[in-house]
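Given these sequences and hints, build the entire structure.
Single-letter residue listing:
There are 2 protein chains.
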Amino acid sequence: MRISLERDTSRDRRPVYQQIADQIRTQIEAERLTAGSRLPPIRDLARDLGVNRDTVALAYESLATAGMVESAVGRGTFVADTRTGAPPAAAFEPVFSATTDRLMAFERRRPRFGSAESAVPMHALIPNPGLYPAEAFRRALNRALHEGGPGLLLYGSPQGDLSLRRVLAERLGRAGIAVTPAEVVLCHGASQGISLALRLFAAPGDVVAFEEPTYNNVLAAALGLGIESAAIPMRADGMDLGVLERTLARPEVKALYTIPTFHNPMGTTTSLAHRRAVLDAARRHGVPIIEDGYEMDLRFTGRSLPPLAGLDDAGLVVHLFSFSKSLFPGARVGAISARGRTVEALLALKQASDLSDALPIQAALAGFVSSGEYDRHLVRLRRVLRGRRDALLDALAREMPEGTTWTTPEGGYQVWVELPDEIDTRDLLTDAVGAGVLFAPGSQFNHDGRASRCLRLTFAMADAEDLRLGVARLARCVRARLERRPSESAGVHI
Amino acid sequence: MRISLERDTSRDRRPVYQQIADQIRTQIEAERLTAGSRLPPIRDLARDLGVNRDTVALAYESLATAGMVESAVGRGTFVADTRTGAPPAAAFEPVFSATTDRLMAFERRRPRFGSAESAVPMHALIPNPGLYPAEAFRRALNRALHEGGPGLLLYGSPQGDLSLRRVLAERLGRAGIAVTPAEVVLCHGASQGISLALRLFAAPGDVVAFEEPTYNNVLAAALGLGIESAAIPMRADGMDLGVLERTLARPEVKALYTIPTFHNPMGTTTSLAHRRAVLDAARRHGVPIIEDGYEMDLRFTGRSLPPLAGLDDAGLVVHLFSFSKSLFPGARVGAISARGRTVEALLALKQASDLSDALPIQAALAGFVSSGEYDRHLVRLRRVLRGRRDALLDALAREMPEGTTWTTPEGGYQVWVELPDEIDTRDLLTDAVGAGVLFAPGSQFNHDGRASRCLRLTFAMADAEDLRLGVARLARCVRARLERRPSESAGVHI
Numbered sequence: 029m030r031i032s033l034e035r036d037t038s039r040d041r042r043p044v045y046q047q048i049a050d051q052i053r054t055q056i057e058a059e060r061l062t063a064g065s066r067l068p069p070i071r072d073l074a075r076d077l078g079v080n081r082d083t084v085a086l087a088y089e090s091l092a093t094a095g096m097v098e099s100a101v102g103r104g105t106f107v108a109d110t111r112t113g114a115p116p117a118a119a120f121e122p123v124f125s126a127t128t129d130r131l132m133a134f135e136r137r138r139p140r141f142g143s144a145e146s147a148v149p150m151h152a153l154i155p156n157p158g159l160y161p162a163e164a165f166r167r168a169l170n171r172a173l174h175e176g177g178p179g180l181l182l183y184g185s186p187q188g189d190l191s192l193r194r195v196l197a198e199r200l201g202r203a204g205i206a207v208t209p210a211e212v213v214l215c216h217g218a219s220q221g222i223s224l225a226l227r228l229f230a231a232p233g234d235v236v237a238f239e240e241p242t243y244n245n246v247l248a249a250a251l252g253l254g255i256e257s258a259a260i261p262m263r264a265d266g267m268d269l270g271v272l273e274r275t276l277a278r279p280e281v282k283a284l285y286t287i288p289t290f291h292n293p294m295g296t297t298t299s300l301a302h303r304r305a306v307l308d309a310a311r312r313h314g315v316p317i318i319e320d321g322y323e324m325d326l327r328f329t330g331r332s333l334p335p336l337a338g339l340d341d342a343g344l345v346v347h348l349f350s351f352s353k354s355l356f357p358g359a360r361v362g363a364i365s366a367r368g369r370t371v372e373a374l375l376a377l378k379q380a381s382d383l384s385d386a387l388p389i390q391a392a393l394a395g396f397v398s399s400g401e402y403d404r405h406l407v408r409l410r411r412v413l414r415g416r417r418d419a420l421l422d423a424l425a426r427e428m429p430e431g432t433t434w435t436t437p438e439g440g441y442q443v444w445v446e447l448p449d450e451i452d453t454r455d456l457l458t459d460a461v462g463a464g465v466l467f468a469p470g471s472q473f474n475h476d477g478r479a480s481r482c483l484r485l486t487f488a489m490a491d492a493e494d495l496r497l498g499v500a501r502l503a504r505c506v507r508a509r510l511e512r513r514p515s516e517s518a519g520v521h522i
Numbered sequence: 029m030r031i032s033l034e035r036d037t038s039r040d041r042r043p044v045y046q047q048i049a050d051q052i053r054t055q056i057e058a059e060r061l062t063a064g065s066r067l068p069p070i071r072d073l074a075r076d077l078g079v080n081r082d083t084v085a086l087a088y089e090s091l092a093t094a095g096m097v098e099s100a101v102g103r104g105t106f107v108a109d110t111r112t113g114a115p116p117a118a119a120f121e122p123v124f125s126a127t128t129d130r131l132m133a134f135e136r137r138r139p140r141f142g143s144a145e146s147a148v149p150m151h152a153l154i155p156n157p158g159l160y161p162a163e164a165f166r167r168a169l170n171r172a173l174h175e176g177g178p179g180l181l182l183y184g185s186p187q188g189d190l191s192l193r194r195v196l197a198e199r200l201g202r203a204g205i206a207v208t209p210a211e212v213v214l215c216h217g218a219s220q221g222i223s224l225a226l227r228l229f230a231a232p233g234d235v236v237a238f239e240e241p242t243y244n245n246v247l248a249a250a251l252g253l254g255i256e257s258a259a260i261p262m263r264a265d266g267m268d269l270g271v272l273e274r275t276l277a278r279p280e281v282k283a284l285y286t287i288p289t290f291h292n293p294m295g296t297t298t299s300l301a302h303r304r305a306v307l308d309a310a311r312r313h314g315v316p317i318i319e320d321g322y323e324m325d326l327r328f329t330g331r332s333l334p335p336l337a338g339l340d341d342a343g344l345v346v347h348l349f350s351f352s353k354s355l356f357p358g359a360r361v362g363a364i365s366a367r368g369r370t371v372e373a374l375l376a377l378k379q380a381s382d383l384s385d386a387l388p389i390q391a392a393l394a395g396f397v398s399s400g401e402y403d404r405h406l407v408r409l410r411r412v413l414r415g416r417r418d419a420l421l422d423a424l425a426r427e428m429p430e431g432t433t434w435t436t437p438e439g440g441y442q443v444w445v446e447l448p449d450e451i452d453t454r455d456l457l458t459d460a461v462g463a464g465v466l467f468a469p470g471s472q473f474n475h476d477g478r479a480s481r482c483l484r485l486t487f488a489m490a491d492a493e494d495l496r497l498g499v500a501r502l503a504r505c506v507r508a509r510l511e512r513r514p515s516e517s518a519g520v521h522i
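Line order of the protein sequences matches chains A and B. Just so it is clear: in the first sequence, position 428 is 456 by this note's numbering, and no numbers are missing. Just so it is clear: in the second sequence, position 209 is 237 by this note's numbering, and no numbers are missing.
Treat the hints with care, since some could be wrong.
[Claimed, not checked] Simulated restraints, written as ranges between beta carbons of each label pair:
#, chain 1, residue 1, chain 2, residue 2, range
1, B, R66, A, S332, 56 to 64 Å
2, A, R369, B, R478, 21 to 29 Å
3, A, E163, B, R304, 53 to 61 Å
4, A, R171, B, P279, 38 to 46 Å
5, A, E175, B, E121, 53 to 61 Å
6, A, D403, B, S332, 49 to 57 Å
These are computed hints drawn from the structure, not numbers from a lab. Positions of the beta carbon are idealized from the N, C-alpha and C atoms, including for glycine.
What follows is the structure, encoded as structure tokens:
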């Protein structure tokens, strides 16, 4: 397979991955590459062409999306069978809805991390599978199906399995959120919970206030629903109360989304006084709050603070819980707590979205939690996280250039790092991929995707030793950038 | 517990269920009913008050939604623990988005079938759990988790498990839809697939064309997304081509949703010539088609027809597949087939909706299908369905009053019945609940919910013997209505 690249964009404006994809496509169409033949492994072609593996991966992906090739895990990428019959004379060019177009543009803006196996993965907020109690869950699931029989394979109610709602209502109660099982609605991961909660209050064209920086997928969810976002800057102890006040006063702002505990991406926890101030502002303006408690079970040090939903005596707060970070994401089980008519509205939205969730998994989780396995798992997990956090903070203190600052999380998986100089951490990521360390650049947590000199490091996937290695690599990349670029102090942003 | 009802609506305008709920609530608040005490069983209270069980069930449900009582399957309904602390001084009254409000109104309009255990269930399109290969699936799931290990509990890709996409691409190919695994997107039941497909093309305020009558949950999905609907009347051999032509010519109509095979609710199958005419109209107007093939694996007689997606050489058709009717609904696995950029758009929407689905269930289904268990199950299921359909059609011919007509499905679970006189089948349902038979009144499949003299009977839950009993009961109710009401010929509607 011969591929030649033109890197001078004045001669060829196509991105490099597109040049690669186009040349492979031409060879397939000319039948120089025939159905079933194997494309070179990504790392080989990347080495031969002198490009990043990510670039080749992207080229293969775009060919796969076009149906030209197929990938098989562990086997490689193959030229797909060409269809029988002639290609269509005039293929239909779909016109997507405006919201879908905006969402696709947002997705294309996401950083690409490539597939370098030796890189230290500090970019993703996905707990390492080595931490999952997979065998215990397999047994719980097998038991649930054995005991539940065929009835467990019916549609569930849109509200979800009662036994799991009971167990969760009891746990939420201990965390300070007094709810009955009838006030808990199970959902397909907290990510579906976010979409449902946004739709409760905001129609397309309405505005929802989000912290900045914030969880990037919640921005994608809003965008895909045609909901506009208003940014409330995060300070060290929580969101800026002045901006909050002005934002909630706008009549088109229909809800406030917040992560007060182990904030994503910052790792910080809003103080009690600040929580009360946020609640008070929301109450005065009559704006409901969507509180994302996705890491609430993961405190490994410090004193617990009541969730907003526990301080709320007016029924302002819709609270989201998730098993994805505290257990594993693959169950796709989250829970929404709400009051009164809000529960009825959630059920209508859930039913119109996908009718119901898979009962076997919910029933298995109910058994897993009520048998004490979940709590035993949490004890182990918190100990691991505490050790990893300490290793990460130590390495940052030892390695990072002077003037770098970072947060000190009391739970969860993430630390937010601010560099001492105006470096766009998207550029830094390109260096870091080459140096064998991955992180999430701050821009991806900004509403408008603008450049940021911050970055998120996670201790979800990597262990203490890898974290030390990763920080050393990162620090070298930062120093190199700082040396290349004289200090500038203008245009600072979080 | 003392409850007194006022049935004269000039004295008390509240519905009866509300009167019951309000009196129980008063007794709870006055602590005459204390936390943990058991409410009378629904059937006892219904008998004592001389009301339908459904009415009492609705009262209990509304108390449960308000957090006043809790229901425990098989144990009854109990007064909930009252909260510690004083009730809120000024409780927040949530303002829902306009689309959510409309959706809630739609949900409240759904017929209520009560919980009479002795009634013959011909109302729901849910296969009887007695037909599920639950044990074989439990083993497949256990095996998948055993082999996949913790990695199967990670987030999946938004596109879903490759092994299942392979298996489905191969099956779809045999059904005439030539797709690669890269052109298949797995989703959380075909119901989520419907929402995703609608969102592909239609933004809030846009219009999507649906058949009338049509699957009621697709109308709910559109409503909840703020998408308007245009109705295309169904004729015996498919949708009205004249109305279709005029509808697709409207620029605000962004897509057409259709169920050409074993139509829900009608059970009919659109002819090949008619399929070509629909495709031709859509191509001329450049309007994409969402083809719902939710029962495609359930043909038990007659000749197979190619799906629209199999006749489409322009890439107009997005095709939905589901395991919910052919296997069981509780897996919540469906699949969308699409081409080119439409796949990219679907992945962006899926990711923004709920990131990914549960891999263990997808991997288990892949094993279940590729081992041949699914096909063996289909052989058994189709034989059962054929027998039930024949029993139902025989009973209709024997029992129903002259002038009644019905459809003859060649697959799936549903028969559409049109009564010889202008009876609102919602009223008939009230009689039928009392007589011990349940059906779906035609109005629920109309876009505007207007009255219909049609009804849908399913042979999903009931066996041949029950079907005969159910039809006999239904026929008695129809005759009674016909005798009460002299024939009128005005105002006929499907």
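**Asked** Failing hints, ascending?
**Response** 1, 4, 5
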